[in-house]
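As you go down the protein sequences, you meet chains W and Y in turn. Note that our numbering has the first sequence beginning at 1, numbered continuously upward. Note that our numbering has the second sequence beginning at 1, numbered continuously upward.
It should be emphasised that the hints constitute simulated quantities derived from the structure, not laboratory data. Don't take each hint at face value.
Said to hold, decoys possible - Estimated spans, in silico, between C-beta atoms of each pair:
(1) Y:Glu-69 <-> W:Gly-3: 41 to 47 Å
(2) W:Lys-13 <-> Y:Pro-113: 26 to 32 Å
(3) W:Ser-59 <-> Y:Asp-54: 31 to 37 Å
(4) Y:Pro-10 <-> W:Leu-111: 38 to 44 Å
(5) Y:Pro-10 <-> W:His-10: 25 to 31 Å
(6) Y:Gly-41 <-> W:Arg-16: 48 to 54 Å
Even for Gly, the Cβ is constructed at its ideal location relative to N, Cα and C.
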Amino acid sequence: AAGVIQSPRHLIKEKRETATLKCYPIPRHDTVYWYQQGPGQDPQFLISFYEKMQSDKGSIPDRFSAQQFSDYHSELNMSSLELGDSALYFCASSFGRGMETQYFGPGTRLLVL
Amino acid sequence: GNSVTQMEGPVTLSEEAFLTINCTYTATGYPSLFWYVQYPGEGLQLLLKATKADDKGSNKGFEATYRKETTSFHLEKGSVQVSDSAVYFCALSLKAAGNKLTFGGGTRVLVKP
């Protein structure tokens, strides 16, 4: 079965650079969630989208923005990168608002030097 | 706010031993409860879930029962294998809170041959 696809899988950036992470949900899934997992930490919710509209916002820095496109894929844009942004970024998708089960992608590992 | 507390690891076991990972939660409302597993270098995989009180989720020999009276969702497996070595996350979601997942801190399990 098709799974959530994230790209790139690994990314190395310098401080103050920008990064764009992409997420392709499971076909027919219309809801996307982004999470950040720091080293040795549990995942923290950043932001979510349902039917291309932002549906919830968590602890996402103002330097970050995201959107969901007409084909339901989503992009997380990160600017003015800081060392503390180094983390594993997960995207998860689900079908329908209010459906509980989220399926996670393999993550993008971002290293900021 | 909503929160999940799970026992700290690492938990080190011998093969065929019994595994229990305690998980308790605090939530406003009636959450859905999940266990996710993260193998080394990989993303989060849904292990099992329960959506209402007294439901039992089960998968791959793992079980957890939604106990509303004790606000718990402890994970158990009767006979672990080396391949069960991973980090296990307990999580909750609430429809009223946009279904975002709130995770516990994770418990690392190491099974030795």
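Discussion item. Quick check: does the Cβ-Cβ distance between Pro-10 (chain Y) and His-10 (chain W) fall within 25 to 31 Å?
Written reply: At 26 Å between Cβs, range holds.
Practice prompt. Starting from the hint 41 to 47 Å, judge whether the C-beta atoms of Glu-69 (chain Y) and Gly-3 (chain W) obey it.
Written response: Violated - the Cβ-Cβ distance for Glu-69 (chain Y) and Gly-3 (chain W), about 37 Å, lies outside 41 to 47 Å.
Worksheet entry | C-beta pair Pro-10 (chain Y), Leu-111 (chain W): status relative to the range 38 to 44 Å that was hinted | violated, 25 Å
Worksheet entry | Satisfaction of the hinted span 48 to 54 Å by the C-beta atoms belonging to Gly-41 (chain Y) and Arg-16 (chain W) | For Arg-16 (chain W) against Gly-41 (chain Y), whose Cβ atoms are near 29 Å apart, the range 48 to 54 Å is violated.
Worksheet item: For the pair Ser-59 (chain W) and Asp-54 (chain Y), does the Cβ-Cβ distance stay inside 31 to 37 Å?
Response: holds, 33 Å
Worksheet item: Taking the beta carbons of Lys-13 (chain W) and Pro-113 (chain Y), is their distance inside 26 to 32 Å?
Response: For Lys-13 (chain W) and Pro-113 (chain Y) the Cβ distance comes to about 40 Å; the hint is violated.
The structure is inconsistent with the numbered hints 1, 2, 4 and 6, although it conforms to all the rest.
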